[in-house]
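Asker: Construct all of the structure, not just a fragment, from the sequences and the given hints.
Residue numbers (my numbering): 1 to 180.
Careful: at least some of the hints might be erroneous.
To be verified - Only pairs whose alpha carbons sit at most 25 angstroms apart, straight line, appear in this in silico DMTMM-like list of lysine to aspartate or glutamate:
| hint | residue 1 | residue 2 |
| --- | --- | --- |
| 1 | Lys154 | Glu16 |
| 2 | Lys154 | Asp39 |
| 3 | Lys154 | Asp101 |
| 4 | Lys154 | Glu135 |
| 5 | Lys154 | Glu164 |
| 6 | Lys154 | Glu107 |
| 7 | Lys154 | Asp171 |
| 8 | Lys154 | Glu143 |
| 9 | Lys154 | Glu103 |
| 10 | Lys154 | Glu131 |
Because the hints were derived from the structure by calculation, they are not lab data. Just so it is clear, the structure is predicted and the values come from calculations on it, not from any experiment.
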Amino acid sequence: MGRARGTQEHDGLRSERLRLRPWTVADAAFRRRLWAERDPRVPAGRRLTADGSPSLADMEAWILGYEPEPTPGLLVVELVEDEAPIGYCGLVRDSVARSGDPELAFEFLRTSWGHGYATEAARAVVARAAEVGHEHLVATVREWNTASLTVLGKLGFVDTGEREHDPVHGDSLLLRARLR
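Answerer: Structure, rendered in structure tokens:
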């Protein structure tokens, strides 16, 4: 039986099938691929533009300047068996609820959907968040993103009833999980 909780591995985390590690400049093309695959309902500033922005150089600059706060930050998720990056998962500063609680964020390549990787990676991050003393986590997700809502439900996140109305891209829902 696999580990239910993530274990710390060098500057990252590990689960049964996944390794979560810090970003390297070599991950710029992978990050850009994630942006290219985003659903067209995602706001334009978070997708590649028609002229190809952000560029590979922009992605490299983001990685070089990235500070992993709050702990453990956003980590690249790769398969243990072949070290192929398939997504990212981690914590970011809450920009919506302004609660001071970290926000769980994750995104995966479409080819990795449906295998439980998001749930497995997020469980490792949630366990690490509890280990470092976070009492709550928040998550924001578009109401149309049923796959992410399913993952968050498996992790104990509950809908707070708070909504950010967006008639163009779909409302964002605020969810919260108690870790302690």
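Asker: All hints are to be evaluated individually against the structure, with a verdict given for each.
Answerer: Hint by hint, here is what the structure shows:
1. Lys154 / Glu16: It holds: about 18 angstroms lies between the C-alpha atoms, which stays within 25 angstroms.
2. Lys154 / Asp39: holds, 23 angstroms
3. Lys154 / Asp101: holds, 19 angstroms
4. Lys154 / Glu135: holds, 18 angstroms
5. Lys154 / Glu164: holds, 23 angstroms
6. Lys154 / Glu107: It holds: about 16 angstroms lies between the C-alpha atoms, which stays within 25 angstroms.
7. Lys154 / Asp171: Distance ~21 angstroms between Lys154 and Asp171 Cα, so the pair holds.
8. Lys154 / Glu143: holds, 17 angstroms
9. Lys154 / Glu103: The given pair, whose Cα atoms are some 16 angstroms apart, holds under the 25 angstroms limit.
10. Lys154 / Glu131: holds, 19 angstroms
When held up to the earlier numbered hints, the structure conflicts with none and fits them all.
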